[in-house]
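Assemble the complex: chain A is given as a structure, and chains B and C must be docked to it using the hints.
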Amino acid sequence: MRDVSIIGIGQTPVGEHWGRSLRHLAYDAVAAAMRNANIERADALYVGNMLSGEISGQSHLGTLIADFAGLRGIEAVKVEAACASAAAAFRQAYIGVASGLQDIVIAVGVEKMTDDVGTQLSAGLAGAADADYEVIHGITFVALNALIMKRYMHEYNVAREDFAGFAINAHANAAANNNAMFQNPITKKDFVNCGVVADPVGLLDASPMADGAAAVILCPTEQAREFTDNAIRIKASALATDTLSVHDRRDPLWLQAAEDSSMRAYKQAGIGPEDIDFFELHDAFTIMAALSLEASGFAQRGHGTWLALDGEITPEGKIPISTRGGLKARGHPVGATGLYQIVEAAQQLRGEAGNNQIKNAALGMTQNIGGSGATIVTHIFERVNQ
Amino acid sequence: MTTEIARHWRLNSQRYQLVGEVCPKCGVKMFPPRDVCMECADDTRQPDFQFSGRGEVYSFTTVHNAPEGYQESAPYTVALVKLEEGPLITAQLTDVVNSEVEIGMPVEMVTRKLRAQGEEGVIIYGYKFRPRLAVAG
Amino acid sequence: MPLMKPNTDVGIVGYGCYIPMYRLPAKEVTRIWNDGQGGVPIKEKAVGGPDEDTMTIGLEAARNALVRAQIDPQQIGAVWVGSESHPYAVKPTSTIIAEAIGATPATQGADWQFACKAGTETIQAGIGFVAGGMARYVLGIGADTAQGRPGDALEFTAASGGAAFVIGAAEESLAVFEATYSHVTDTPDFWRRPTTHYPSHGQRFTGEPAYFHHVLSAAQTIMAELGYTAQDFAYVILHQPNRKFPERAAAELGFEKEQWVTGLLSPVVGNTYAGASVLGLTAVLDIAQPGDKILCVSFGSGAGSDAFIINTTDRLPDKQKSAPTTQDYINRRIEIDYATYVRYRNKLKMH
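Protein sequences, first through last, are from chains A, B and C. Heads up, this note's numbering is the position in the first sequence plus 6, with the first residue counted as 1. Heads up, this note's numbering is the position in the second sequence plus 1, with the first residue counted as 1. Heads up, this note's numbering is the position in the third sequence plus 50, with the first residue counted as 1.
Looking at chain A on its own, in the form it has when it is part of the complex (with noise of 0.2 angstroms):
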């Protein structure tokens, strides 16, 4: 196994690009992250996506991005996972350089929510739940976290309004960072006042969907410093699954893909959730944001919002989450939200957050999260230098 860093990133903006398609997102971040590694060329390209059969009637995504980001000859494949396409693809990435079969290879997530804007994209988006046994019953992916949440507040003894700040922090953050699709702060009077989509879920409680694309580079550590000297280590990479089903769980409230993939993820980095600078966590709906910080070990069960409440999520807190709005403000164009993530996180480890900047962060945190917690992928960054 060889140590590998990332040595590139790009971005597009999220929010609805109705003149650019899923072929030219995928070409702009792709571009953007190979300049970004001074190179012109890569062993092999790893294409995160859901919905591109669904929505824009394109399968075989793999080589269309090679063929059309002018990598002709590239080895390239499609990775799905749901909304953790894009975190699943950086970790085939990952497992390319580290197995010593691939030198230079690309990760890109991108989505095109807005090819199609009728009820064919709740059903697309539906597809990351049970075909047969939820989806069937009129289930929507807003519902299936509805259903989740209500029992949480039940049970736990929680109040809606216990998750405003969630959203009051992600919105925050996107402020200050160019590539968000909401960079409007919020207040808690918004939150408690907005609407509601599928009580308890409030529109501020959802996540935008919306297109874009982000792309890193990876290569083995010890070749970083022939492309950059900012390179951000790859500490841990972890993917676990549980049932595909919510009414499967043995636990519908607690996260146990997550529980796996970060307890493999610190084993792996030789570390624990206390010594990890700040999370980009999969907020699309403040639900998820508050379970995954439980079962990752950063929040006792029923306590996640406690961290919400005591101010613990913000820049300055214990464990700043979302810091560059999160997918709750940034946007979450599904298959490509975790490669957003690693971008972000990336960012911050090489000082480039901007006014979103964590102080002194050395390591942080992704976690990526398929449906409604079946697949879910944690990786864990260091910056090298210093």
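There may be inaccurate statements among the hints.
Said to hold, decoys possible - Selected chain C positions facing chain B (in silico; Cβ < 10 angstroms):
#1 Thr106
#2 Pro137
#3 Ile151
#4 Gly152
#5 Asp236
#6 Thr237
#7 Pro238
#8 Ala373
#9 Tyr379
#10 Arg382
Claimed, not checked - Over 10 angstroms on every C-beta distance to chain A, these chain B residues come out as not near it, computed from the model:
#11 Arg8
#12 Leu12
#13 Lys26
#14 Gly28
#15 Cys38
#16 Glu69
#17 Ala92
#18 Glu120
#19 Glu121
#20 Gly122
Claimed, not checked - Coverage of chain B stretches by chain A, computed from C-beta distances (three or more under 8 angstroms per stretch; other residues unrestricted):
#21 55-62
#22 75-82
#23 104-116
Just so you know, these hints were derived from the structure itself, not from any lab. Please read all numbers here as calculations on a predicted model, not as lab measurements. Note that beta-carbon positions come from the ideal geometry of N, C-alpha and C, so glycine has one too.
Structure of chains B and C alone, referenced to chain A:
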């Protein structure tokens, strides 16, 4: 018109009668049936087990923005129902006032239209749950 | 002798009903179509929710019948569903119900159609099937989600509901069929062509030559042939397209109010078409005593009537409360307005 026929047809006994399985080794009752026991990973052929259809609401929410094929009955309430034999199951609640649903509410299975594939397609029937019928003593 | 009387005695081993929970008050129909003016034929009618149809209604009634019958569904030799609103024009309702109750595959499945008497036909044929030794049990069902054209007189009453009966040997039965009689003629009082959604009807022609002629002829024939008068019966149930018709027919036959009132559900349920007379029968069976004699007469447009004389047995009281009663379903009630009704019954043009 979609023609997803076999995909639903093969689930008839599950959808109409809540037929799951009981693991011959550890005794856990499962819905839906699986090839491998979800608790003890035993993979011997598991006997059918028909659930009573009685349970209670474990959690619920109301869907306002319904996906394609479900708009007709929106807004509708979906729930995780805890069956009295153990498993949780995802299903719609029916014959219910959405605002009157609460966690712990006793419910029973009924068979209703889950969706129709347009005006020309096949009608998919299956389980939903409703508040237990009040029966005069 | 024109009566149908099997060589072996056959009866009802189990019965069950189903009525949807939504109610459309008749005054809502006059509010929309007549400025709220004029009289109404009934108080309110039962309306199925958007996820209900003749299959789901028939199935719940069948499940209740099986709870009362306590038999192995594999021994049901035929599952027959009578309706004028089968969910498919081509594809049986009966196979869905047979599968859902566990009667498949060794069973006879068929859908019946004869306007509002399609339900009683399944019972009549079931008597013959069981008596002839062709099957140990027959499940006969009458169910409908009847549709009246918006603004038409039928819209006040066209309702949803149904009942199911497990027919079997007299020794196992809670009520035994003494005889049955069917009276049919070619009388086009009400019809629907295959590609149209709403039925048409002959206005006042539906009265004398259609409903009254057939109901009275069938009832008078079966009573006369067996030498009975109205006084011999504890209960009478007549097809009930509204309140007035069955009340007048019962009076002409010499019945008193206490004999027909239990089985007259149309004022609070509406006309459930193939479910109508059989729902009246389940309401009577819910409260009858052993030894009661019951006259039940259906009417189907087109036109014909099936008449039954049924005698309850000692087995009835134990069965009455073992499944939800007709009154339990009548009591389960949520009033809806015309707009909700239009939505639930698929009358909103969406495309």
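Here is what the structure says about each hint:
1. The interface hint given for C:Thr106 holds, since its Cβ lies 5 angstroms from the closest Cβ of chain B, which is under the 10 angstroms cut-off.
2. With 10 angstroms as the threshold, the beta carbon of C:Pro137 comes within range of chain B, its nearest partner Cβ sitting at about 6 angstroms, so the hint holds.
3. For C:Ile151, the interface hint holds, the least distance from its beta-carbon to any beta-carbon of chain B being 8 angstroms, beneath 10 angstroms.
4. Hint on C:Gly152 holds. Least Cβ distance to chain B is approximately 7 angstroms, under the 10 angstroms limit.
5. At a threshold of 10 angstroms, the smallest CB-CB gap from C:Asp236 to chain B is about 33 angstroms, leaving the interface hint violated.
6. Look at C:Thr237: its Cβ only gets to about 33 angstroms from chain B, farther than 10 angstroms, so that hint breaks.
7. Here the hint on C:Pro238 is broken, as its CB sits about 28 angstroms from the closest CB of chain B, past 10 angstroms.
8. Hint on C:Ala373 holds. Least Cβ distance to chain B is approximately 8 angstroms, under the 10 angstroms limit.
9. Residue-level restraint check for C:Tyr379 holds (minimum Cβ-Cβ distance to chain B is 8 angstroms; threshold 10 angstroms).
10. A distance limit of 10 angstroms between C-beta atoms decides the matter here; for C:Arg382 the minimum to chain B is near 7 angstroms, and the interface restraint holds.
11. Residue placement check: B:Arg8 does not keep its beta carbon more than 10 angstroms from all beta carbons of chain A (closest about 7 angstroms).
12. A beta-carbon of chain A comes within 10 angstroms of the beta-carbon of B:Leu12; the shortest separation is about 6 angstroms.
13. Non-interface call for B:Lys26 relative to chain A: holds, since the shortest CB-CB distance, roughly 18 angstroms, exceeds 10 angstroms.
14. At roughly 16 angstroms, the least C-beta separation between B:Gly28 and chain A is larger than 10 angstroms, which holds for a residue marked as non-interface.
15. Even its closest Cβ contact with chain A, about 12 angstroms, leaves B:Cys38 beyond 10 angstroms, as expected for a residue assigned away from the interface.
16. Not every C-beta of chain A lies more than 10 angstroms from that of B:Glu69, the closest at about 4 angstroms, which undercuts listing it as non-interface.
17. With 10 angstroms as the threshold on Cβ separation, the claim that B:Ala92 sits away from chain A is violated: the shortest Cβ distance comes to roughly 5 angstroms.
18. For B:Glu120, the shortest C-beta to C-beta distance to chain A comes to about 17 angstroms, beyond the 10 angstroms cut-off, and the non-interface label holds.
19. Against the 10 angstroms criterion, B:Glu121 stays outside the reach of chain A, whose nearest CB is about 19 angstroms from its own CB.
20. A cut-off of 10 angstroms between C-beta atoms confirms that B:Gly122 is not in contact with chain A; the least separation is 14 angstroms.
21. Counting residues of the region 55-62 of chain B whose CB lies closer than 8 angstroms to any CB of chain A gives 4, so the stated coverage by that chain holds, three being the minimum.
22. Proximity of the region 75-82 of chain B to chain A, defined as three or more residues with a beta carbon under 8 angstroms from a beta carbon of that chain, is established by the 4 residues found.
23. With a cut-off of 8 angstroms between beta carbons, the region 104-116 of chain B has 3 residues touching chain A; three or more are needed, and the interface restraint holds.
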